[in-house]
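Residue numbers (the working numbering): 423 to 688.
Just so you know, the hints here were simulated from the structure itself, not pulled from any lab data. No experiment lies behind these values; they were computed from the predicted model shown. Some clues are possibly wrong.
BS3-like mimics (lysine-lysine), calculated; alpha carbons at most 27 Å apart, straight line [unchecked claim]: (1) K499 - K425; (2) K425 - K460; (3) K670 - K496; (4) K442 - K460; (5) K499 - K670; (6) K670 - K460; (7) K685 - K636; (8) K670 - K686; (9) K537 - K499; (10) K496 - K442; (11) K686 - K496; (12) K424 - K499; (13) K636 - K424; (14) K496 - K425; (15) K537 - K598; (16) K686 - K499; (17) K496 - K537; (18) K425 - K442; (19) K496 - K460; (20) K424 - K442; (21) K636 - K686; (22) K670 - K465; (23) K460 - K598.
Ranges between beta-carbon positions, derived for each pair [what the hints assert, rightly or not]: (24) K496 - S469: 40 to 50 Å; (25) G520 - S491: 32 to 42 Å; (26) L666 - N626: 44 to 54 Å; (27) G656 - D684: 22 to 32 Å; (28) G574 - D660: 31 to 41 Å; (29) K636 - K537: 20 to 30 Å; (30) S463 - L666: 38 to 48 Å; (31) G520 - E597: 33 to 43 Å.
Just so it is clear, CB atoms sit at the ideal spot from N, CA and C, and this is done for glycine as well.
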Amino acid sequence: MKKTILITGSTDGIGFATAKSLLAQGHTVLLHGRSAGKLDSAKAHLSDPNLETYQADLSRLEDVYSLASQIRQKHTKLDVIINNAGVYMVPVDISEDGLDVRYMVNTIAPYLLTKELLSLLTPSSRVVNLSSAAQVPVMAAELSASSQLVDGMVYAKSKLALTMWSRHLATTLGEKGPIIVAVNPKSFLGSKMVKEAYGVSGGNLQDGADILVKAALSDEFANASGLYFDNDIGQFSDPHPDALDTQKNAEISLAIDQILADKKVA
């Protein structure tokens, strides 16, 4: 069956490679990007009638709400959301909403987008969240404050927080909700982020794309809700111990809900 699949941050890197693979299989892909120019370029390169493009800056709460609204207006059902968009280094740390851009894009935006699109998701739908092998303990209060820590530390905290809310939301929704899984696509793949952060060319992006396609479509992930897949070892694995703590996971999710309530966009 052909699926309708949203991929955030998909004008380049792993997201673009994943979109290309899914389009080749005949699926409808909703390609998201921050830059209109890069969206146009990606659309021209892919040149596929099953491709739709959506522009939104995921560091802005208003843009996340708008993106969800546009998708709801055009679609009554989504089979897969791949929350791929992420940042490591940013030119400005604080967003116009007063949030740390790194936590906003990596943790809060995918949570908000998923919640806003839940009405389009069925129990057989899937939410694939791009985690990382880099996971460092994070306090719930950190999500709402500007961080003075180095980029790598904030990135690792944001990815653990993403993994934590993935598990909490999967547990909370249970059988009524979609399958929600966190995936480390593979460390040091050759994305723009890796090149900027570490100054290395990185590995084959298709390795990351292949596991995302698998997570989106394969039977192996049909009962994976709440789990973490580590593509560095090619199997489901335990994430950081904090993500196995039900109370801590709930605290992270509650903190995001509180941020969204405090920053409510009209």
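Within 38 to 48 Å or not, the Cβ separation of S463 and L666?
At 41 Å between Cβs, range holds.
Does the alpha-carbon distance linking K496 and K425 stay inside the 27 Å limit?
Since the Cα atoms of K496 and K425 sit roughly 15 Å apart, the hinted pair holds (cutoff 27 Å).
Hinted pair, alpha-carbon criterion (27 Å max): K442, K460. Please report holds or violated.
Roughly 15 Å between the alpha carbons, so the hint for K442 and K460 holds.
Taking 27 Å as the top limit, are the C-alpha atoms of K460 and K598 close enough?
Violated, because 37 Å separates the two Cα atoms, which is more than 27 Å.
Go ahead and decide if the range 33 to 43 Å is satisfied by the Cβ distance of G520 to E597.
holds (37 Å)
Is the distance from the Cβ of G656 to the Cβ of D684 consistent with 22 to 32 Å?
Check failed, 41 Å falls outside 22 to 32 Å.
With the threshold set at 27 Å, check whether the alpha-carbon distance from K670 to K496 stays at or below it.
Distance of about 37 Å is beyond 27 Å: violated.
Taken at face value, is the distance from the CA of K686 to the CA of K670 at most 27 Å?
Roughly 24 Å between the alpha carbons, so the hint for K670 and K686 holds.
Given the hinted pair K425 and K460, is their Cα-Cα distance within 27 Å?
holds (24 Å)
Taken at face value, is the distance from the CA of K425 to the CA of K499 at most 27 Å?
holds (10 Å)
Looking only at beta-carbon atoms, does the pair G574, D660 fall within the given range of 31 to 41 Å?
violated (22 Å)
If you check the beta carbons of K636 and K537, does the distance land in 20 to 30 Å?
holds (25 Å)
Against the hints set out earlier in the document, violations occur for numbers 3, 5, 6, 7, 21, 22, 23, 24, 25, 26, 27, 28.
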